Amino acid sequence: MTASVKTGAISIRGVGKRYSEDAPWAMRGFDLEAAPGELVAIVGASGCGKSTVLRMVSGFEGPTEGEISLDGAPIKAPGPDRGFVFQDYGLFPWLTVAENVEFGPKQAGLGRAARRERVQEYLELVGLTRVRASYPHQLSGGMQQRVAIARVLANKPTVMLMDEPFGALDALTREQMQADLADIRRRVGTTVLFVTHSIEEAVQLADRVVIMTGGMSHGVPGHIRRIVDIELGEERDPTSTAFTDLERAISEEVHAKL
Amino acid sequence: MTATLTHEKTAEAAAEPQAPAPRQMPRLRSPRWGRLVLAFPVPLAVLLIWHLGVQFGWTLPFGIRMAQLPTPADVGVRLADLFVGGLLPSPFSGEVYQHIWASLVRVAYGFGLAVALAVPFGVILGRSALVMKLFEPTINVIRPIPVTAWAPLALIIIGIGDRSAIFLVFLAAFFPMLISTAAAVAQVPPRLLEAAAMLGMPRWKRMVAVVVPSSIPGIFSGLRVGLGLAWALLVVGEMVGINIGLGAMIFEGRQLNQIDLIMAGMVIIGVLGFLTDRLLTALLKLLSRGRPVLQEVA
Ligand SMILES: Nc1ncnc2c1ncn2[C@@H]1O[C@H](COP(=O)(O)OP(=O)(O)OP(=O)(O)O)[C@@H](O)[C@H]1O
Ligand SMILES: [Mg+2]
Numbered sequence: 001m002t003a004s005v006k007t008g009a010i011s012i013r014g015v016g017k018r019y020s021e022d023a024p025w026a027m028r029g030f031d032l033e034a035a036p037g038e039l040v041a042i043v044g045a046s047g048c049g050k051s052t053v054l055r056m057v058s059g060f061e062g063p064t065e066g067e068i069s070l071d072g073a074p075i076k077a078p079g080p081d082r083g084f085v086f087q088d089y090g091l092f093p094w095l096t097v098a099e100n101v102e103f104g105p106k107q108a109g110l111g112r113a114a115r116r117e118r119v120q121e122y123l124e125l126v127g128l129t130r131v132r133a134s135y136p137h138q139l140s141g142g143m144q145q146r147v148a149i150a151r152v153l154a155n156k157p158t159v160m161l162m163d164e165p166f167g168a169l170d171a172l173t174r175e176q177m178q179a180d181l182a183d184i185r186r187r188v189g190t191t192v193l194f195v196t197h198s199i200e201e202a203v204q205l206a207d208r209v210v211i212m213t214g215g216m217s218h219g220v221p222g223h224i225r226r227i228v229d230i231e232l233g234e235e236r237d238p239t240s241t242a243f244t245d246l247e248r249a250i251s252e253e254v255h256a257k258l
Numbered sequence: 259m260t261a262t263l264t265h266e267k268t269a270e271a272a273a274e275p276q277a278p279a280p281r282q283m284p285r286l287r288s289p290r291w292g293r294l295v296l297a298f299p300v301p302l303a304v305l306l307i308w309h310l311g312v313q314f315g316w317t318l319p320f321g322i323r324m325a326q327l328p329t330p331a332d333v334g335v336r337l338a339d340l341f342v343g344g345l346l347p348s349p350f351s352g353e354v355y356q357h358i359w360a361s362l363v364r365v366a367y368g369f370g371l372a373v374a375l376a377v378p379f380g381v382i383l384g385r386s387a388l389v390m391k392l393f394e395p396t397i398n399v400i401r402p403i404p405v406t407a408w409a410p411l412a413l414i415i416i417g418i419g420d421r422s423a424i425f426l427v428f429l430a431a432f433f434p435m436l437i438s439t440a441a442a443v444a445q446v447p448p449r450l451l452e453a454a455a456m457l458g459m460p461r462w463k464r465m466v467a468v469v470v471p472s473s474i475p476g477i478f479s480g481l482r483v484g485l486g487l488a489w490a491l492l493v494v495g496e497m498v499g500i501n502i503g504l505g506a507m508i509f510e511g512r513q514l515n516q517i518d519l520i521m522a523g524m525v526i527i528g529v530l531g532f533l534t535d536r537l538l539t540a541l542l543k544l545l546s547r548g549r550p551v552l553q554e555v556a
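Quick note, the sequences are listed as chains E and A, same order. Mapped onto the working numbering, the consecutive letters of the first sequence carry residue numbers 1 to 258. Mapped onto the working numbering, the consecutive letters of the second sequence carry residue numbers 259 to 556.
These aren't lab readings, by the way, just hints derived from the structure by calculation. None of these values were measured; they are calculated from a predicted model. Treat each hint with caution, since some may be false.
[Said to hold, decoys possible] Dumping the calculated EDC-like pairs for lysine to aspartate or glutamate here, alpha-carbon to alpha-carbon at most 20 Å: (1) Lys106(E) x Asp81(E); (2) Lys156(E) x Asp180(E); (3) Lys156(E) x Glu452(A); (4) Lys6(E) x Asp71(E); (5) Lys156(E) x Glu200(E); (6) Lys76(E) x Glu452(A); (7) Lys106(E) x Glu452(A); (8) Lys156(E) x Glu99(E); (9) Lys463(A) x Asp180(E); (10) Lys463(A) x Asp81(E).
[As the list claims (entries may be wrong)] A short list of chain E residues far from chain A (calculated; beta carbon distances all over 10 Å): (11) Glu121; (12) Arg187; (13) Glu252.
Note that CB positions come from ideal geometry on N, CA and C, so glycine has one too.
All chains, full assembly: derive it from the sequences and hints.
Right, here's the structure in full:
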């Protein structure tokens, strides 16, 4: 991976979340250290708190207990250093593709010429220069998600948080997006936290897979069951035994009884 | 009109280069031409029935005695006289322009002031639970009072004249715009606000740069309702103590028992209401510069 990566270390220590005083803990006792440039996938049954973890790292939600920091600085509020890619894209429908990508750099106070360059750079990265003047509703889901990724990366974030980013896409588009994400990440070197329901996707993309379990419907706060290292190198063949073995092992952990 | 806009946007979207060529649908050679043809039969029938009703002295439900009415042709002559003069012996001959102008100015002031206050206040109301809790009970008590019921009070506390007419126009437009702005703004997808936040936009700026564009459809339909009510209350407001204005002209027609003058005034107000509504739509289109602001967000 990129050698120049120094920032983007996420530290999550003893984090727990309850959404209100009288609500049970949605998740609790969560510890995770992600190294700069690492891609950590989070898998687990619905309701175990995957999105909650991501939203706390982004600053949309605050943890009820524990600490989350990025490169040593505690996280207080959302910010452009932690880009968020939503499952439903969240593009601004009244802005063109280029303007959506320009949104962050504009907030950062970048000058007009620098912004144009930045937009061009990241539209190229996601292969969307041709539709720069289109509006989001004119694009396919896959293209919209590319715009959302470019929009986040245009801020040169140290962390990218992705919550089931390809969950709404068809299988073919999804495969293409996975390949492209792997490629993009090699080039930008951002730390990525990636929530997915697809174990295959997790094994395909991740350096490590966090398996979560529990959740309020189980009467136990969501928590980490295990963290699995994926040591398959850069070129991963989903039909190889090493791949399918990992997939099966993770699947068993995800579906095992508490 | 919202439907028309949305429709046109969809057509534009289908015409995008990267979209596959849409299959050719069988339809009228020109949809505009088709719409024009379909626009005529109903009004023509209404005019015809009106004419026959007057001629044969029909009595309609509500005890509407059509014999009392002028024919459509009479009203046509009156309209022509109002605009060019010399057809009827009337102080209004060729003098309608000043009345139209006076009414337009009152609507512009009252409606403009209402927009300037209702939209920003509506944005705050819809986005702040505290402000909503503070004002909602008061608004809910004042709002159901028909604005027409304010007319006598306005005459007393403001006095006869321009200002009380403008006040009524303002009041008529204010509440529907306030309510629909607040409702629209409260429904902004939280996702868009989160997106703006994580892209580094401060909270106050999100109110303007995300909340407002995202609630244009709701705000805009409030403006249209408000404009319609502005015209309605204009007529009420101009009926007492005002000499120049379409409402005053209609009221004069009532005093003189010139029913064709009343009806000509009604026609003019109807047309002006329609035109100003069109103007509002055109203005929105101009300001949005082709952006899909009225597009329903999927
Ligand atoms: N804003 C909220 N208010 C109250 N409870 C919430 C809120 N968001 C999430 N929860 C609850 O917290 C628990 C964990 O939710 P979360 O969305 O993090 O799960 P998840 O693992 O992402 O599930 P899924 O796979 O379905 O997306 C759930 O029981 C959910 O109902
Ligand atoms: Mg989730």
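Verification of the hints:
no., hint, in the structure
1, Lys106(E) x Asp81(E), "holds (14 Å)"
2, Lys156(E) x Asp180(E), "holds (18 Å)"
3, Lys156(E) x Glu452(A), "holds (18 Å)"
4, Lys6(E) x Asp71(E), "holds (9 Å)"
5, Lys156(E) x Glu200(E), "violated (28 Å)"
6, Lys76(E) x Glu452(A), "holds (14 Å)"
7, Lys106(E) x Glu452(A), "holds (17 Å)"
8, Lys156(E) x Glu99(E), "holds (17 Å)"
9, Lys463(A) x Asp180(E), "violated (34 Å)"
10, Lys463(A) x Asp81(E), "holds (19 Å)"
11, Glu121, "holds (17 Å)"
12, Arg187, "holds (21 Å)"
13, Glu252, "holds (35 Å)"
Violated hints, in rising order: 5 and 9; the structure is consistent with all others.
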